[in-house]
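A.B. asks: Can you build the whole structure from these sequences, using the hints too?
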Amino acid sequence: MAEQIIFYVLAIVIVVFSILSVSSKRILRSATYLLFVLLATAGLYLLMGYQFLFGVQISVYAGGIMVLYIFSILLTSHAGDKAKSVSWKRLLLAGIAAIAGLAVCGHIIFHNVYKVVEAVAAEPTMQEIGKAMMGTEKNQYLLPFEAISVLLLACIIGGIMIARKR
Amino acid sequence: MFDFSIWTNWIDQFLRTNLPEFWALAIEFVVVGVIILALYCIIALALIYFERKICAFFQCRLGPNRVGPYGIFQSVADMLKMLIKEIIPINHTDKFLFYLAPFFVLIASILAFGAIPWGNGLQILDFNIGIFYILSVSSLGVIGILLAGWASNNKYSMIGAMRSGAQLISYELSAGLALMTIVVLSGSMQLSTMIEGQKDCWYLFQGHIPAVIAFIIYLIAGHAETNRGPFDLPEAESELAAGYHTEYSGLQFGFFYLAEYLNMFIIASIAATVFLGGWMPFHVTGLDGFNAVMDYIPSVIWFFGKVVFLMMLSLWVRWTFPRLRIDHLLDLEWKYLLPINMVNLLVMVIVVIYGWYF
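If you read the protein sequences in the order shown, they are chains A and B.
Following the numbering used here, the numbering of the first sequence begins with 1 at its first residue and continues without gaps.
Following the numbering used here, the numbering of the second sequence begins with 1001 at its first residue and continues without gaps.
Rather than coming from a laboratory, the hints here were simulated on the basis of the structure.
There could be a bad hint or two in this list.
[As the list claims (entries may be wrong)] If you anchor each label on the Cβ, the simulated ranges turn out as follows: (1) B:Arg1323 to A:Leu142: 40 to 46 Å; (2) A:Ile27 to B:Asp1012: 43 to 49 Å; (3) B:Glu1239 to A:His78: 53 to 59 Å; (4) B:Phe1358 to A:Ile156: 48 to 54 Å; (5) A:Leu153 to B:His1328: 32 to 38 Å; (6) B:Leu1313 to A:Ile156: 44 to 50 Å; (7) A:Glu128 to B:Ile1124: 23 to 29 Å; (8) B:His1328 to A:His78: 26 to 32 Å; (9) B:Gly1250 to A:Ser77: 25 to 31 Å.
[To be verified] Beyond 10 Å from chain B on every Cβ pair, some chain A residues (computed): (10) Ser23; (11) Phe54; (12) Val56; (13) Ile58; (14) Ala83; (15) Val86; (16) Ser87; (17) Leu92; (18) Leu93; (19) Ile99; (20) Gly106; (21) Tyr114; (22) Ile160.
From the three backbone atoms N, C-alpha and C, an ideal C-beta is built for every residue, glycine too.
C.D. replies: So, in structure tokens, the structure goes:
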């Protein structure tokens, strides 16, 4: 029962602050609400017993990306800045797009979630994660894979830069 | 060594046999929470007294000596003053973020505080990812400082917050890499396993040269992470008033103050746990009589002894070196500490692969 109570508290926090973060008019407040969403997601991971995922969620999203966001907001905006209010037509369109996205994602998750749950039943130990990162057998090679993805990203950005220069 | 988990297991069994599981767990959560918060406050008060006395001695003064014998109740009186002070609201600020910011700083340090192993069997959170957990939750404090500086709507606070953000983010890298060096040696991130691995010889001596380099780098980086002199430019009072907490008063300022002192304690206790064996007594392989005598000293005293020693080092550094300039500070991290640290990590990997450690 304790787990269910914690789950519902976290779920309510995620829903409420997600809505607040897109509806707030002050940009730094939006960033803070987004931070709450990320922290509550980390709480969900901890509730499921995935401690490594919890640590990564906090240090990468809350400690890394959010600090980057807040830094860039601090350098580009003033304390009194407020976003302009949006016309109701655009609000309606955005709402429809959001609900359509939710429906598609919800459908996919609902029909595929059981396959994933079977694949990762127990929490992997740190040693297993390390082997998966650096090893050279089946289901390993994670670090080279990530390095390739960074290379690909650099290529994409370089391609855009070259195309824009002309 | 007396194992404190006998007591805690007995309490747990007692609650579980007399109450349904939900209520037993609820009572344990509340009790553990109260113990953490109480320890947090008591240690902060003790540290404030300790620091004021020591820094007085460094400056050939007496320090607090009016309230109680040798002034030992001075920080209690200060606490009462802080509690009854008015919290002054500031106009033209973002009130929500302004009131939220101190909590971020405080909660980040309480979360890290919960994972410290106090003695044999006295540890609240013992995760598989131990050290990584401490590093990740303590990175939340930066957000509180940045929000505090921005929400104060004051140029001094803002500059202080930007400096502090740059400093904390840079030095976190060095602190993390220095700890990773020891994780390579121990083969585990779990704090209890790491302490068990130092049964015969502390990691500082086991890993000899790379471990000593990592220890020194961790002490420098940890000192910088606590925003204290010579790295105290976020709150350099001659240039920035009080930096990011200029506009805070009363208990909100108290939160920043508490978190600053406790961060010093947390850094010292992580250094003690990872490099100096935590609560593990000093053992020399072969000298069984000596080891048995060392085992008679309780584990909690070993832990606090090491932590107090490391904090003495921290205070010594604070009152010895002049404040750095911001570009020198960032140079020190990015041009010296980080490259040394990366090479050191490789050296440690080679040492572990060839088995050149004790």
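A.B. asks: Now look at each hint and say whether the structure bears it out.
C.D. replies: Now the hints, each set against the structure:
1. B:Arg1323 to A:Leu142: 40 to 46 Å: At 43 Å between Cβs, range holds.
2. A:Ile27 to B:Asp1012: 43 to 49 Å: holds (48 Å)
3. B:Glu1239 to A:His78: 53 to 59 Å: Violated, at about 23 Å.
4. B:Phe1358 to A:Ile156: 48 to 54 Å: holds (49 Å)
5. A:Leu153 to B:His1328: 32 to 38 Å: Distance hint for A:Leu153, B:His1328 holds at roughly 34 Å.
6. B:Leu1313 to A:Ile156: 44 to 50 Å: holds (48 Å)
7. A:Glu128 to B:Ile1124: 23 to 29 Å: Between A:Glu128 and B:Ile1124, where Cβ atoms are some 26 Å apart, the hint holds.
8. B:His1328 to A:His78: 26 to 32 Å: This hint holds: roughly 30 Å between Cβ atoms.
9. B:Gly1250 to A:Ser77: 25 to 31 Å: holds (29 Å)
10. Ser23: Per Cβ check, A:Ser23 is outside 10 Å of chain B; nearest 14 Å; holds.
11. Phe54: violated (8 Å)
12. Val56: violated (8 Å)
13. Ile58: violated (4 Å)
14. Ala83: holds (14 Å)
15. Val86: holds (21 Å)
16. Ser87: holds (26 Å)
17. Leu92: holds (29 Å)
18. Leu93: Given that every Cβ of chain B is farther than 10 Å from that of A:Leu93, nearest at about 29 Å, it holds.
19. Ile99: holds (29 Å)
20. Gly106: Answer for A:Gly106: holds, closest chain B Cβ roughly 30 Å.
21. Tyr114: The claim holds: A:Tyr114 sits with its nearest Cβ about 26 Å from chain B, beyond 10 Å.
22. Ile160: For A:Ile160, whose nearest Cβ neighbour in chain B is about 27 Å away, the distance exceeds 10 Å, so it holds.
Hints 3, 11, 12 and 13 from the earlier list are contradicted by this structure; the remaining hints agree with it.
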